[in-house]
Structure formats: structure tokens, C-alpha cells
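Residue numbers (our numbering): 171 to 457.
Derived by calculation from the structure, the hints in this document are not laboratory data.
The reader is advised that the hints may include incorrect statements.
[Said to hold, decoys possible] Taking lysine-lysine pairs in the PhoX-like style, the calculated list, with each CA pair at most 20 Å apart, reads: (1) K394 with K419; (2) K378 with K398; (3) K364 with K308.
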Amino acid sequence: MLSVKSILMPLSSSGEVQERLLGALSVTAFFGAHLEVLHAQVSPRQFIPVDAVARTMPQKLLNELEVLADKYSNTESSELKSMFVKLCEQNDIVHSDDSVTGQPSAFWREVNGLRSELVGECGKVSDLIILPQPRSGKPTATFQAALMRSGKPILLVPRTMTTFSAERVLIAWNGSTEGSRAITHAIPILQQAKEIIIATSDSSAQCKPDTEELIRYLGRHGIKAESKYFDAGRRSTGEAILTLADSIKSELLIMGAYTHRRVHEQIFGGVTQHMVGHARLPVWMMH
Numbered sequence: 171m172l173s174v175k176s177i178l179m180p181l182s183s184s185g186e187v188q189e190r191l192l193g194a195l196s197v198t199a200f201f202g203a204h205l206e207v208l209h210a211q212v213s214p215r216q217f218i219p220v221d222a223v224a225r226t227m228p229q230k231l232l233n234e235l236e237v238l239a240d241k242y243s244n245t246e247s248s249e250l251k252s253m254f255v256k257l258c259e260q261n262d263i264v265h266s267d268d269s270v271t272g273q274p275s276a277f278w279r280e281v282n283g284l285r286s287e288l289v290g291e292c293g294k295v296s297d298l299i300i301l302p303q304p305r306s307g308k309p310t311a312t313f314q315a316a317l318m319r320s321g322k323p324i325l326l327v328p329r330t331m332t333t334f335s336a337e338r339v340l341i342a343w344n345g346s347t348e349g350s351r352a353i354t355h356a357i358p359i360l361q362q363a364k365e366i367i368i369a370t371s372d373s374s375a376q377c378k379p380d381t382e383e384l385i386r387y388l389g390r391h392g393i394k395a396e397s398k399y400f401d402a403g404r405r406s407t408g409e410a411i412l413t414l415a416d417s418i419k420s421e422l423l424i425m426g427a428y429t430h431r432r433v434h435e436q437i438f439g440g441v442t443q444h445m446v447g448h449a450r451l452p453v454w455m456m457h
């Protein structure tokens, strides 16, 4: 069974940086894994239409603007890395560019390019991708790339989450392939959990495999779980799931992502998008 040994987290400077780093280090300690923090920078020239600039802005001025932008970016990167290294020391995480046997470790990686493209590529050689909830409450290009291109699970976390625990876990189940993948990759977490609830809506009760079959499957891995049905009523399914998670004080939600056609999700909202905008607990999801 796959264990989590390599974790990737892209980092931007868009607020709650210390909280996001602490949360990622807590997840790293939970798994005893190696964390790579990906700090991506983009050259200003990549966003400037060269032909238009050539006609309106002297080359010397353009060069000076690039130098200033690079200087600011490098200063910011240096400050963020210093914060990261200090947090590693305070939380007994070894700062190393490779995993340390028997100890959680972490490394700061500076890269050039679009964050979404880099996450989609680097995620393929990671076991898990940690992403903070977007400030906009809507799926970002980085979220989409991590979910759809990496082939690995993502852990969507509240931006202010500084500690990670998974003693009480809620599984949202509708018999989907995506949900099955998410659960299989989460086996190491489920084996450590003390309480696991499998939630199915009344409308999904007839989906196969049903919850009893899932319970038997988990049992073969030494995992005990129980099922619970919920009636969404006039609420969205996503809202009903989060209400249930709150009522049982769940510390982690496991679910499939984009279990319907993406066009349908984008038009009608969907559970995945609801989690991106409203979840107040970590969500382990996979496409």
C-alpha cells in the first residue's frame, strides 16, 4: 500500500504565509515525510507583449523595470525562505534537500515559471500535494493542474490551519471511481484513525459498490468504519456533507473530485467547488 513519503506544496506570498507553512510542516510530521516547498517566480517580461512594448517603451527603461522587479522578488524570496528555515528548526523538521531516514524533513525550492504548470509536472513525482483554499473561494489554475494533471491526491487545507490531525475521518461516498482512488491512497491515514464515518446521501444509497461493500474492503486493511446516511433536502450535497462533518467533529474529509463531467461541475457548482469555497477542515481529494 502506498505510503506518503514525498509531499509538495506550492507557495505564494498572498497572505497567511506563516500559517500555511506551519500547516504543511504539521502534515509532514504526521507522515514522517519529506516536504518540498515550491516557490515559483515569473519574469515580468513573460507578461509583457514584446511587440507592443518595443513601440512604446525604450529598451533601457524596460531593462531597468526588470532589474527592479527581480530585486524585489529576490528580497521577498530570501525573507520567506528565512521564515521557513526558522519554522523547520522550531518544529524539529530537518531542513535538507533530500529525505532523512527516520525523520521528517523539508526543503525550500526556488523555481522560475508558472506555478500551475510546475505543480502539474512536479506533482507527478510526489505522493501528495498540499494546497491552501484560494482566497477567492474559486478553483485556481494551480488547483486544477494539481488535481487533473498530477495523478496524485491533493490535501486542500484552510489557509489558517497550523496543525494537522486525523483521528476522526469522514468519507463522502457515492460509488465513484474518483472516490475509490481517494480512499485507496488514504489507507495510511485511515489505519491510524480512531473513528471513521462513511457518509452517503439518500439519493446515492443505491450506488454500487454500496457502503457495506466499502466497509468490508476497509476491514481487510484492518480499518473499522461505520456508515451514515444523510438527506440533503434543499441544501446542496456539499453543504450537507460539511454540516455532517461539523456535527461529528471530523478532522478530515476524504472524497472524489469532479466525479461528474467537468462541464456539469462548472455550470452547476458541484461538491468539489463547494469544498474549495466553504470547507473549514482539510479535504483529501483525488480525481
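Evaluated hints:
1. Pair hint K394 plus K419 holds up; C-alpha atoms about 18 Å apart against a cutoff of 20 Å.
2. At most 20 Å may separate the alpha-carbon atoms for a hinted pair to count; K378 and K398 meet this at roughly 16 Å.
3. As the CA atoms of K364 and K308 are separated by approximately 32 Å, the hinted pair breaks the 20 Å bound.
Going down the numbered hints, you'll see the structure goes against just number 3.
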